[in-house]
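J.: Note that the protein sequences, when read in sequence, are chains A and B.
The first sequence lines up with residues 17 to 298 when you count with my numbering.
The second sequence lines up with residues 92 to 389 when you count with my numbering.
These are calculated hints, taken from the structure and not from any lab test.
Some clues are possibly wrong.
Residues from chain B that face chain A, not an exhaustive set, calculated with beta carbons under 7 Å [to be verified]:
hint, residue
1, PRO151
2, ALA153
3, LEU219
4, SER276
5, THR280
Estimated spans, in silico, between C-beta atoms of each pair [what the hints assert, rightly or not]:
hint, chain 1, residue 1, chain 2, residue 2, range
6, B, SER344, A, SER75, 23 to 33 Å
7, A, GLY115, B, LEU123, 25 to 35 Å
8, A, THR231, B, LEU205, 27 to 37 Å
9, A, PRO162, B, ASP323, 52 to 62 Å
10, B, LEU123, A, THR231, 40 to 50 Å
11, B, ASP323, A, GLY142, 25 to 35 Å
12, B, VAL220, A, ARG228, 52 to 62 Å
13, A, SER90, B, ALA153, 18 to 28 Å
14, B, TRP229, A, VAL241, 32 to 42 Å
15, B, LEU364, A, ASP163, 44 to 54 Å
16, B, LEU205, A, LEU100, 53 to 63 Å
Even glycine gets a Cβ: it sits at the ideal position worked out from N, Cα and C.
The chain contents come next:
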Amino acid sequence: MLLRGIRDGLKRAARLAGIVTMAALALSGCSRDAGDRLVITGSSTIAPLVTVIAQAFESAHPGVKIDVQAGGSSRGIADVRQGLAQLGMVSRALKPEEGDLAATTIAHDGIAMIVHRDNPIGALSGGQIVAIYTGKVRNWQEVGGPDAPITVVNKAEGRSTLELFLSHFKLESPAIRADVVIGDNQQGIKTIAGNPQAIGYVSVGTAEFEARRGTPIRLLPLDGVDATTAHVARGDFPLSRPLNLVQRGEPGRIAREFIAFATSPEVHDLVTGQYFVPLAGR
Amino acid sequence: MSPASTSFRSPAADRALFRALAFSAGAVAAILALILLYLTLASASLLFADTGLWQLHWQPSAGAYGLVAMLLGSVAVSLLALLIAVPPGLVLAVWGRFFAPPWVGGLYRGAMGLLASIPSVVYGFWGLVVLVPLLNRWAPPGASLLAAALVLALMVLPILVLQADLALDEARRRHLAAAMALGASVSGTVRRVLLPTAAPQLLPAVLLQLGRALGETMAVLMVAGNVVQLPDAISTPIRTLTANIALEMAYASGAHRTALFASGWLLFVLVTLIMLGARAMTRRLGEGYIGKGRGDAP
């Protein structure tokens, strides 16, 4: 488990190094042949995934340089519209007024509400979860559980899981009354596995993997749908979102090849490595 | 001392060594100065403007970057850790040097050296899976000021014991025979002679550990709860400045990132002040001891 943490750390460092390299290449690559360069900007949720996919793509296609920049989904859309980027990263479905763009889903992001395995609660409604996270409900008794205080586990500011959680339940970050704030998914799982009164949320992929391995946590269904990667991949789990690459008009040769690569089974491990859910049917 | 004043056979080699040493020392000092310069520049836009850095609320999404709660969290956790670690540390050092059989004392010091070399993340992990669930049964949520202070105390204890042991051993070599010749008991000698003699080294050792406790990140991050609030009880979850940087740096941009650099700046300044304090204290205590001849009197 510790090794896993160290491996995650190394992975993160490698990712950071990748971003730095990208930035350096972006500077040095200005004089290169424009046909060999691909600029992708947008959601900071997708950027780490696209960065590792881009590294794999670059090593398979020598001479191609891919520049990945994070700046939010709206920047991705704006840059594609203005032609500053060939591809945009957008961590939601396109809105009706964005019909001029075409989106390709490369993976899904889903989060599961988790409790300790010994917690008798079968399911919580969206309203109950909001009440717990805003501090209106502070005892499991009030939602049909045993008489025990609730330990609310929340994610640190800036994490994409927090963002998705907040936007799904229409919460503002300052409204949340947390007892424990965690960084990565593993810390969340350890915290909840060690505390029978705790409730938290982590990536579905990680939670499913840990629960299957025997870690004492349980994934709560939401709106009657079980929290599984299969449901997230099918797109019918409510607390999930598609991770899209968007383009405008006919993409160039390299952009087309990159999209084909990013939706191929070859990137499966890269997607799960970032705790996202790969496309269904694989 | 300039190399010319030493009379070795090869002054050229001496001069080369002197230059190499001066260069290394200068480089280290320059790196330290550059870190401070970089931190100051990176956080200048928040540091030297009225941007609410010195208030309680930390809500990056709402543009509130108050560092005070986390500063107090850092200080409270470190002081509590020392309060927990120092008394047993001194007792263990005295026991290991004067009351334990010599082979047990030697073994004990070896074990302390081993404990000191365990990476902090291991202590943090132990805290997360053992200590926090244990504390949770007594005062939910378990992850708290107390949990962090206990883990930190465990981390600073080995080095504290080793440093205290060194200071006591030095004092023993100088004064034990004389005290014994005067017919003093071992416990009386330790209390009245050796501890006061060793004090000039003991206090800075404690302050060094305070600096280390303030700078510890991973272990604290795993057990402190990381909620930004003032600690009103030892079972309250708190966030330290270091944990704040580690939690949010990877995802921060703009003013949020600047505020995290300001956290680093604050920590750097705090630790520097503590180190300067430790030096000043060593000097004053050293002078006081020699000047007044304390330790000779009963």
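J.: For a quick check of understanding: which of the numbered hints are violated here, in increasing order?
T.: Of the numbered hints, 4, 5, 7, 9 and 12 do not hold.
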